[in-house]
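Protein chains in written order, with our numbering: chain A, 1 to 290; chain S, 1 to 346.
It is possible that part of the hints are untrue.
[As the list claims (entries may be wrong)] Computed list of lysine-lysine pairs in BS3-like fashion (alpha-carbon distance at most 30 angstroms, straight line):
1) A/Lys-130 with S/Lys-23
2) S/Lys-195 with S/Lys-237
3) S/Lys-23 with A/Lys-149
4) S/Lys-55 with S/Lys-23
5) S/Lys-260 with S/Lys-195
6) A/Lys-61 with A/Lys-149
7) A/Lys-236 with S/Lys-23
8) S/Lys-195 with A/Lys-236
9) S/Lys-277 with A/Lys-130
[To be verified] Stretches of chain A that chain S covers, calculated by requiring three or more beta carbons in the stretch to come under 8 angstroms of a beta carbon on chain S:
10) 65-79
11) 229-237
12) 247-253
I should point out that these hints are in silico values taken from the structure, not numbers from a laboratory. Every residue gets a Cβ at the ideal spot worked out from N, C-alpha and C, and that includes glycine.
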Amino acid sequence: MNQDGLRLDERLERLKLFGLASPAILLILVILVVPVGWLFYVSFVGADGSYSLENYERMWKRRSYARIFRTTFEVSFLTTGLCILIGYPLAYFIAGLPGRLANLCLITVLLPFWTSLLVRTYAWLVLLQKRGLVNEWAISLGLWDEPIKIVHNMTGNLIGMVHIMLPFLILPVYGAMRAINQDYMKAAANLGASPRRAFWTVFFPLTLPGLFAGSLMVFILCLGFFVTPAVLGGGKVIMVSMKIVSNIELFVNWGAASALGVVLLVLTVAILWVASRFLNLENMTAGGGH
Amino acid sequence: MKKTGILALTTALAATGALAADKTVTIASWGGSYQEAQSKALFEPAAANTGIEVKQETYGGMSDVRLQVSSGQVTLDIVASGSGSAARAAAEGLLAPLDYGVIDVSTFYPNLYTDYCVGGDVFSTVYAWNTDTYGEDGPQSWADFFDVEKFPGTRAYRGKVAGALEGAMMATGVAPEDVYDALDSEDGIETAIDKIRSIKDHIAVFWTSGAQHAQLMKDGEVDMTTGWNGRFDNAKKDGANVMYSFNQALLDYDCFAVPKGAPNMETAMEFLAEISKPEYQDDLPKYITYGPTNKAAYETGEITAEQEAGLPSSPANAAAQVPVSLEWYAKWETIAEEMYSEMLTE
């Protein structure tokens with residue numbers, strides 16, 4: 001009797017919680033599940049309006065599509081890697097500063113974050129082009145004699161993207177670092193660990209959740225980049241989003257563009273799945289100190 | 001005398017206004033300074049003279065029309081479009097045939113109207129060069145543009161296939177009048193793409209917008225580029241050291257089309273007939289450096305000799321150019337774009 005009552009309460013509780021969550025569930029259904037389902041459906045509609053695999057066959061037959069996907073993932077991996085190489089030491093440096101200075105540094109990290117992506121991208125173009133500030137100063141200082149090509153190619157694109165993506169990596173990493181109890185490091189030193197050993201065996205593993213959360217965010221956001229590669233890539237760095245736009249204009253059926261979106265989605269999910277097999281993403285992103 | 005004249009004019013206006021009071025058309029164009037020029041030279045005066053009420057909108061191109069036609073919710077009566085995308089939309093069945101019993105094209109250039117789209121203005125795809133690098137004697141033909149030994153320097157070229165193959169084909173030695181015949185097969189298209197491939201190392205940028213190729217010349221980022229003549233004129237006004245030639249340039253045009261199922265089809269035809277008249281078209285060059293599609297607009301005296309010399313469709317300049325073939329784009333653009341994309345991603 002008593003047990004039945006408890007069970008009933010439990011069920012009611014669950015219903016109530018479901019009721020509370022239903023607006024969110026409905027929202028996800030309407031803005032995520034339905035459109036993505038629609039995208040899948042449309043990608044299987046051919047130019048004549050009937051069911052067809054032509055949108056996928058085209059991607060298989062033309063080598064350009066495979067190259068565009070390769071470029072997209074290459075750019076995303078490289079950007080993520082560079083963000084880690086630049087962002088991690090910077091976050092470490094800021095985390096070690098006294099409070100007020102650290103805040104000042106964080107603001108300088110965040111400031112460009114609040115500036116329009118378009119503005120920052122064009123600013124890089126102005127800096128990096130043939131007669132841009134970087135080349136002119138370097139030549140006047142005698143660093144090199146002829147203008148070097150640092151924009152309208154992969155280099156320029158990476159510079160722009162890394163700059164835009166850095167705060168997404170620094171913030172979670174910094175959060176993870178600040179949450180680490182300094183006594184751990186003292187304890188390690190007390191037990192005879194050199195600073196280097198204490199860093200690699202105690203500090204670094206504790207920042208991993210933040211690092212993975214940041215890297216994941218950078219990587220996923222990079223996959224959909226459009227403006228920066230279009231402006232700084234000089235028409236030679238072609239990412240999937242750019243091809244989607246040109247296919248919408250070029251083909252009579254939406255499917256030609258939808259199929260690209262579907263393949264990008266599936267490849268991304270596949271990569272995350274493989275990564276999760278090796279890295280146990282859930283622990284790494286959920287256990288963190290931020 | 002003068003007073004009665006004005007009186008007669010106002011009553012006449014009032015009469016036509018009353019007659020056409022319930023007539024409206026909705027026109028969509030590209031916005032910005034382009035639509036402003038269209039509005040001042042064509043739409044507003046034509047609306048005043050016919051009494052047709054004009055509602056102006058901006059739109060995102062033929063993909064918007066496709067959405068409206070396929071959902072049966074057509075709100076646009078007239079759309080301004082590039083000639084190529086209009087031709088593709090027509091082939092796709094998105095456009096209504098124009099009534100040339102109503103629209104008078106007898107004094108139009110013969111290549112500047114089709115069954116589905118009537119020309120509104122003419123522009124050219126030209127090659128332009130930096131006068132700092134080459135002085136006034138820059139490239140004078142497509143062969144020169146592709147000759148990296150005679151004219152060493154970096155180039156910019158279009159990142160899409162539209163307007164990209166004709167010049168390359170001429171550079172292989174094909175005569176301007178034979179260009180579209182030579183491109184009428186996948187092998188022909190590949191020949192032109194191979195020509196671009198051969199100088200790809202010298203192409204620093206594949207541009208994607210008119211603003212971009214103008215900026216590239218302004219900044220001196222490249223020594224030569226292809227592009228739309230009006231943009232270079234504007235860049236020159238802003239102090240860029242740029243010149244271009246109409247020799248072997250591609251004569252192309254923007255046009256007006258009517259979506260299938262447009263709510264005010266008859267009024268749309270009537271309005272298109274009005275804005276195609278020379279007395280409206282001759283005002284367009286005052287607001288933008290694009291030429292009229294109606295030859296008679298050069299004979300009204302509105303366009304000065306100086307203005308005319310710089311317009312793509314002036315008789316002298318038009319004679320030096322290759323008119324863009326819409327039939328070729330309707331037939332080949334999709335395939336050619338895919339092949340072009342192979343070259344870009346290599």
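Here's how the hints hold up against the structure:
Using a Cα cut-off of 30 angstroms, the hinted pair A/Lys-130 and S/Lys-23 is violated, with the two alpha carbons roughly 55 angstroms apart. Taken as a hint, the S/Lys-195 and S/Lys-237 pair is broken in the structure, with Cα atoms around 33 angstroms apart against an allowance of 30 angstroms. For the proposed pair S/Lys-23 and A/Lys-149, the alpha carbon gap of about 58 angstroms is over 30 angstroms, so the pair is violated. A C-alpha spacing of about 11 angstroms is found between S/Lys-55 and S/Lys-23, which places the hinted pair at or below 30 angstroms, so the restraint holds.
Only pairs whose Cα atoms come within 30 angstroms are accepted, and S/Lys-260 paired with S/Lys-195 is rejected, the gap being roughly 40 angstroms. The straight-line distance between the Cα atoms of A/Lys-61 and A/Lys-149 is roughly 33 angstroms, outside the 30 angstroms bound, and the hint therefore fails. Pair hint A/Lys-236 plus S/Lys-23 does not hold up; C-alpha atoms about 50 angstroms apart against a cutoff of 30 angstroms. Under the criterion of a C-alpha separation no larger than 30 angstroms, the hint pairing S/Lys-195 with A/Lys-236 is consistent with the structure, at around 17 angstroms.
A threshold of 30 angstroms between alpha carbons decides the hint, and for S/Lys-277 with A/Lys-130 the separation of about 47 angstroms lies outside it, so the pair is violated. Coverage of the region 65-79 of chain A by chain S holds [criterion: at least 3 residues with CB-CB distance below 8 angstroms; count 3]. Interface restraint, the region 229-237 of chain A with chain S: holds (4 residues with C-beta to C-beta distance below 8 angstroms; minimum three). Residues of the region 247-253 of chain A with a Cβ under 8 angstroms from some Cβ of chain S number 5, which satisfies the need for three, so the listed coverage holds.
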